[in-house]
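Residue numbers (my numbering), protein chains in the order written: chain A, 1 to 111; chain B, 1001 to 1114.
Be careful, since some hints might not be right.
What the simulated footprint calls covered on chain A by chain B, stretch by stretch (three residues with Cβ under 8 Å from a Cβ of chain B suffice, anywhere in the stretch; the number is not a length) [stated by the list, open to error]:
hint, region
1, 54 to 63
2, 102 to 109
27 Å max Cα-Cα, derived DSS-like pairs, lysine-lysine [as the list claims (entries may be wrong)]:
hint, chain 1, residue 1, chain 2, residue 2
3, A, LYS98, B, LYS1038
4, A, LYS70, B, LYS1041
5, B, LYS1009, A, LYS59
6, B, LYS1036, A, LYS98
7, B, LYS1040, A, LYS103
8, B, LYS1041, A, LYS98
9, A, LYS103, B, LYS1009
Partial pick of chain B residues on the chain A-facing surface, computed with a CB cut under 10 Å [stated by the list, open to error]:
hint, residue
10, SER1050
11, LEU1088
12, GLY1106
Think of the hints as simulated: they come from the structure by calculation, not from any bench.
A virtual CB, placed ideally from N, CA and C, is assigned to each residue, including glycine.
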Amino acid sequence: TQLLEQSPQFLSIQEGENLTVYCNSSSVFSSLQWYRQEPGEGPVLLVTVVTGGEVKKLKRLTFQFGDARKDSSLHITAAQPGDTGLYLCAASGGSNYKLTFGKGTLLTVNP
Amino acid sequence: DTEVTQTPKHLVMGMTNKKSLKCEQHMGHRAMYWYKQKAKKPPELMFVYSYEKLSINESVPSRFSPECPNSSLLNLHLHALQPEDSALYLCASSQVGSGANVLTFGAGSRLTVL
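Isolated chain A (complex conformation):
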């Protein structure tokens, strides 16, 4: 079983602060996705990274995929209350249809 270690599990910060969420594994993945889930909703895909060393930006969010395709990070600049939610990394590397999810990072951004 491929495991994804996601950290931190909980993060409570003030509006305007920066933060980074990490997703690490000892396994190599063919692709990795980041999802955000708001209360009462399903997860929504933020980004997919497939190439080692890849960096993708989505407004104030910056995603990196490690050179060896074993780890990824999500950096949020100047966090806003609307960024509050559960952030999930998920990766595929083995069989189709089976995503391995990290345990999630519950982010609260206080006004």
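Since the structure of chain A is provided, determine the placement of chain B on it from the hints.
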């Protein structure tokens, strides 16, 4: 249309009831999924259908019975559930093949078993 629609949004049922959760997508995705999610935890895979055939059953108890009537619809029939089955049930869909691991999720059905 890039949505996965789930009904009902909330369901309360007793342990002897029979109910169903429904999911619909019109994105042309040929893989559909049921996930179970407890509060503040990641989704756990239950079932996968590929081309309307059951492809994966993650050793789910038989009190959960999935059905895929056609390429756009996915049902989850519930019977004799336990209180510990209370959770958010998420439907998702994806392409097959190389796109199989990028999921579009519905908003979920929040199930409470009394």
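Inset, instruction - Please write out, lowest number first, the hints stated earlier that are contradicted by the structure. - result: 1, 5
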